[in-house]
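In order, the protein sequence lines correspond to chains U and E. 24 is the number that this note's numbering gives to position 24 of the first sequence; each next residue is one higher, with no gaps. 94 is the number that this note's numbering gives to position 94 of the second sequence; each next residue is one higher, with no gaps.
Do not take every clue at face value.
For chains that are exact copies, the list does not tell them apart, and a pair is met inside one copy or across any two.
Quick list of in silico lysine to aspartate or glutamate cross-link-like pairs, EDC-like style, CA-CA up to 16 Å [what the hints assert, rightly or not]:
id: 1; residue 1: Lys256; residue 2: Asp178
id: 2; residue 1: Lys255; residue 2: Asp172
id: 3; residue 1: Lys256; residue 2: Glu174
id: 4; residue 1: Lys25; residue 2: Glu158
id: 5; residue 1: Lys256; residue 2: Asp18
id: 6; residue 1: Lys110; residue 2: Asp32
id: 7; residue 1: Lys186; residue 2: Asp32
id: 8; residue 1: Lys255; residue 2: Glu290
id: 9; residue 1: Lys255; residue 2: Asp97
Treat the hints as calculated values from the structure; they're not laboratory data.
Spelled out, the chains give:
2 protein chains.
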Amino acid sequence: MSDELKNLSQEMLPALEDEMRTVLKMEDTPPDPFFGMMQYHMGWVDAQLQPVDEYGGKRIRPLLTLLACQAAGGKWSQALPAAAAIEILHNFSLVHDDIEDASPTRRGRKTVWNIWGEPQAINCGDAMFAVAHLTICRLSERDVPPETVVRAFRRFDETCLNLTHGQYRDMDFETRNDVRVDDYIKMITGKTAVLLSLCTELGALVAAQDEEVITHYAEFGRNLGLAFQVIDDILGIWGDETKTGKSAATDIVTKKKTLPVLYGLERNSALQEMYRVAEPDNDFVRQVVEILDQTGAREYAESRASTYSAAALWHLEVARPVGEAAEALSQLAAMLLQRDY
Amino acid sequence: MSDELKNLSQEMLPALEDEMRTVLKMEDTPPDPFFGMMQYHMGWVDAQLQPVDEYGGKRIRPLLTLLACQAAGGKWSQALPAAAAIEILHNFSLVHDDIEDASPTRRGRKTVWNIWGEPQAINCGDAMFAVAHLTICRLSERDVPPETVVRAFRRFDETCLNLTHGQYRDMDFETRNDVRVDDYIKMITGKTAVLLSLCTELGALVAAQDEEVITHYAEFGRNLGLAFQVIDDILGIWGDETKTGKSAATDIVTKKKTLPVLYGLERNSALQEMYRVAEPDNDFVRQVVEILDQTGAREYAESRASTYSAAALWHLEVARPVGEAAEALSQLAAMLLQRDY
């Protein structure tokens, strides 16, 4: 990690963690088991609600917000409530996703529903959603004008609605055989890109930038999210196990309809047939990858990833970010975009 | 129904329905099946997403908001977004409650999870939660000042957090044998009273009333909610089947720990033993009701209901509501409080 990003992260992340711990009642005595479930999910306590030293997550999203605010000429500390709200929103969605996907573990620990049951886990997610909103309200305490707070609220909830729409599409796609590349881009825009877009937009908004600059920051985040997701799709098929930490071709084994697969399905009827009937085994994986290589699915996905990456970096450049935070923001974007295939 | 309440309801309810239909995309063409699930839950379309004439619910909560706004000297139309947001919030919580309670039907129709499955129903509720917030944002379009909108947001989400905390306690109580009357009052405050309190508070807030008056409206709603719930508890044991529409002693058959039962359990060890081990049959019901009658559980509950009712009416009186809406508000409160036992 380069110096600017390292320095600013070390300054920002503890303040972010403090903000989140305050709104999620981490310092309350006696501890409340209701908030305990949320604290567990955040990685602060274990299943017996005892504090742990573990690190809860990479906190990339809130870091984007804080860096964008500073790079747009604002004070990053003013954007802390927005950054914390986004990270709590992201975590709320994971609590519900884990129920929807019936995932027993996350980050090597049991998921909330797997410890406290589905009914309490649904309710725990709802509570975190409410807390995320209350965190946005705290912008008022950092001298952000009320008009800006209302606008932050509107953008926050428009994004939440897009996230749930993306999640709807994602679940719907699993049962459909007619998903096209365009549908897929809409889906990942909702599931991934709008949230990264909100991160950078709210940073610029709190920095009181003009409309044009705010739009460039939003577009920087959106394209960054799209590029990130498409790269993830490529890694899910052609990724190097030793670098990604996932087993090779994991998305083929699960028959996940990612961008390269959808591109191949639109062009190859043998592949369509295989996805309709075959049970994935080693032979299936080998044949699918062969067909995808032949149809040029990898080149297509790589070219789309490059287009999104270039658009992201262009929007960042024309937004004219300043100072150490500008450097750090470029570095963070590069880290997200230059993962080894 | 008396004239004032009837007249104002006829004026307000269609406008409320319009506001909710707009934010839930009822008029969009082509219709979006994602919003279709929400429209189904609201009672506007059937499971095939075809429009129906059915009436979706009593809309008591939003009516309280609109009447409170008008009675507090405001224009009720300014409070429409707040009223619609509260009704959508209430309905979101029902979508998730139905999953948590595994309820197959509601208002004589299949529940959302029972048609579209649990994962989509969880996500549908989350989406409605986001829409409820976006509806609050629409206060800005009705000339409510941004400071007031931010305050409405804070109170809205503090209430959401209280609702989830109440729901947590309710589910937790089912598995516990040490629930006391005080815990129960906390639980119903969260599950029922805070939402009615929000209704009347936001009405007065939008009417730009001073702090003291806003507090009286909030306390009117809170006490009304507590009285309503305790009366519901009494009806659940001693209610007249022909009037309540529920079978007699329904809460005893399900061993629900309502206020009269908890009062009895704190005072009678035979009852404790029965609730710990016995399977509810006709004999169980008869014996429990007998014990409750002996311990004075009914008188206790009736006296608490009276205290809350009196407090509600006192707070309304000192808030000095004006005009036709003041009459209508009293009438609505009386309807909620004077259900036949």
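Structure-based check of each hint:
1. Lys256 - Asp178: Classified as within; 14 Å inside a copy, 48 Å across copies.
2. Lys255 - Asp172: So Lys255 and Asp172 pass the 16 Å test inside one copy only (15 Å; across, 39 Å).
3. Lys256 - Glu174: Within one copy only: 8 Å inside a chain, 40 Å across chains, cut-off 16 Å.
4. Lys25 - Glu158: between (27 Å within a copy, 14 Å between copies)
5. Lys256 - Asp18: neither (38 Å within a copy, 41 Å between copies)
6. Lys110 - Asp32: Classified as neither; 20 Å inside a copy, 36 Å across copies.
7. Lys186 - Asp32: Classified as between: cross-chain Cα gap 14 Å, same-chain 40 Å, threshold 16 Å.
8. Lys255 - Glu290: Classified as within: same-chain Cα gap 15 Å, cross-chain 62 Å, threshold 16 Å.
9. Lys255 - Asp97: neither (19 Å within a copy, 33 Å between copies)
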